[in-house]
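A.B. asks: For reference, the chains in residue letters:
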Amino acid sequence: MNFSYLTDPAHWDPSNPGSIPNLILSHLGYTALALLIGAVIALPVGLYIGHTGKGSFIAINAGNAGRSLPTLGLLMLMVTLLGLGLLPVLIALTVLVIPPILTSAYAGMRNLDHRVVDAARGMGMRPWQVLTRVELPMALPIMLSGFRNAALQVVATATVAAAVGLGGLGRLLIDGLAVNDYSRVLAGAIVVAALAVLVDLFLALIQRLIVSPGLKGS
Amino acid sequence: MIQYLTNNHEIVWQALQEHLYLALLPILFGFAISLPLGYLAVRFSWLYHPLINTFGVLYSIPSLALFVFLPVILGTKVLSPVNVVVALTVYTVALLARTVADGLRSVDPVVVQAATAMGYRRTRRLIDVELPIALPVVLAGLRVATVSNISLVSVGSLIGIGGLGQLFTRGFQLFYLEPILVGIILSVVLAAIADLIIVLVQRAVTPWTRAA
Chain A
1 MNFSYLTDPA HWDPSNPGSI PNLILSHLGY TALALLIGAV IALPVGLYIG
51 HTGKGSFIAI NAGNAGRSLP TLGLLMLMVT LLGLGLLPVL IALTVLVIPP
101 ILTSAYAGMR NLDHRVVDAA RGMGMRPWQV LTRVELPMAL PIMLSGFRNA
151 ALQVVATATV AAAVGLGGLG RLLIDGLAVN DYSRVLAGAI VVAALAVLVD
201 LFLALIQRLI VSPGLKGS
Chain B
1 MIQYLTNNHE IVWQALQEHL YLALLPILFG FAISLPLGYL AVRFSWLYHP
51 LINTFGVLYS IPSLALFVFL PVILGTKVLS PVNVVVALTV YTVALLARTV
101 ADGLRSVDPV VVQAATAMGY RRTRRLIDVE LPIALPVVLA GLRVATVSNI
151 SLVSVGSLIG IGGLGQLFTR GFQLFYLEPI LVGIILSVVL AAIADLIIVL
201 VQRAVTPWTR AA
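So the protein sequences, as listed, match chains A and B.
In case it helps, UniProt numbering puts the first sequence at residues 1 to 218.
In case it helps, UniProt numbering puts the second sequence at residues 1 to 212.
Calculated directly from the structure, the hints in this document are not laboratory data.
Every residue, glycine too, gets a C-beta built ideally from N, C-alpha and C.
Hints may be right or wrong, so weigh each one.
To be verified - Residues of chain A placed beyond 12 Å of chain B at every Cβ, according to the derived structure:
1. Asn16
2. Leu131
3. Asn180
Claimed, not checked - Stretch-level coverage of chain B by chain A, calculated; a stretch enters the list once three of its residues show a Cβ under 8 Å from a Cβ in chain A:
4. 41–51
5. 116–122
6. 148–156
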């Protein structure tokens, strides 16, 4: 194994647009944007379905349907329809993150202990208070695990953006392969895997900080 | 789209066959590896967390990275379908070994004790009692692995491996919508059929789950 691409300081120079730090930044940029847009769309829908029980069929099947949709195909379809650019990549990645976020928001709300919700109502909480002070905090661990799942998938999948000419760490894989530079391919593989682990650790830390201490250990 | 299909049915048919074989072979291998691994993780409980964490990391490696990187480790050619099969087997094991372990752990200890009291030895008890009870959980994991494998195979087209992904890259290069649409639809339909088959098998082999 040849680590020379990874260890060459020139490839870590931030002033060079194709350097590893800049690729990491653009990679994280696609990831964060897709997660943000996906969460804005999927969270309200998942919470609503979980809260009311209406449309459970959609929430349960969204996960499997989303997994079966090939992201590369969707990406190339979007590029063919909309032209090259950030938009097709964002659409494809957002479609990827919606199912896990939606399904976990639904599952989080469905798995609530109804006695706790009843107790909150009995204490005189208004529906809005029940939602924001009881239901949401209790659903948070499951919701966040779905979000972490989505983040892991999108960090790994954002590499395909390079296949349609965009940046991100996929550049190292695609360009390295194109010129038979395996050292570069290896660098790409290692950095993406490390990034996935780091993002997951970061989200685990956030989860630890924002999940109510009363729910831990359960 | 119909016209594209009639004009290119040979290419599409071949891509479909390759796709099926590249997606399902890893499922078979992965299932065969996951059963003993998952069992070991339950039998020797200190193995459980290291195993789960290792697979968590393996699962986070992007498929594209694994496809292009495996030739370096295995010494195979870049264009060899073996890379895709091995990579997807790794993902399948990463997913299924955990499911098998969780399924076996979910077996009610009272049931295991009853089986032991009736004279079942470890191996027979595993095959006749614990595995059947764990089967719904294991098959749920198998559904996830099968569906995600079928959609992942198409990434292989970026490194020149066959399958429905070839239709994506072809359409992309020619800026031609039809092959991409055909590829996506076939891939989704294939996943849905495979999923349905597993559900039907599960209903057939675990009749007791329907009683509840």
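A.B. asks: Hint by hint, note whether the structure agrees.
C.D. replies: Evaluated hints:
Non-interface status of Asn16(A) relative to chain B is upheld: no Cβ of that chain comes within 12 Å, the nearest being about 22 Å off. At the 12 Å boundary, the C-beta of Leu131(A) stays outside the reach of chain B, the nearest C-beta of that chain being 30 Å off. With a least beta-carbon separation of about 9 Å from chain B, Asn180(A) fails to lie farther than 12 Å from that chain, contradicting its non-interface assignment. Only residues whose C-beta sits within less than 8 Å of a C-beta in chain A count toward coverage, and the region 41–51 of chain B has 0 of them, not enough to reach three; the restraint is violated.
Counting residues of the region 116–122 of chain B whose CB falls under 8 Å from any CB of chain A gives 0; the rule of at least 3 is not met. For a cut-off of 8 Å, the count of residues in the region 148–156 of chain B with a CB near a CB of chain A stands at 6, and the three-residue condition holds.
When held up to the earlier numbered hints, the structure conflicts with 3, 4 and 5 and fits the remainder.
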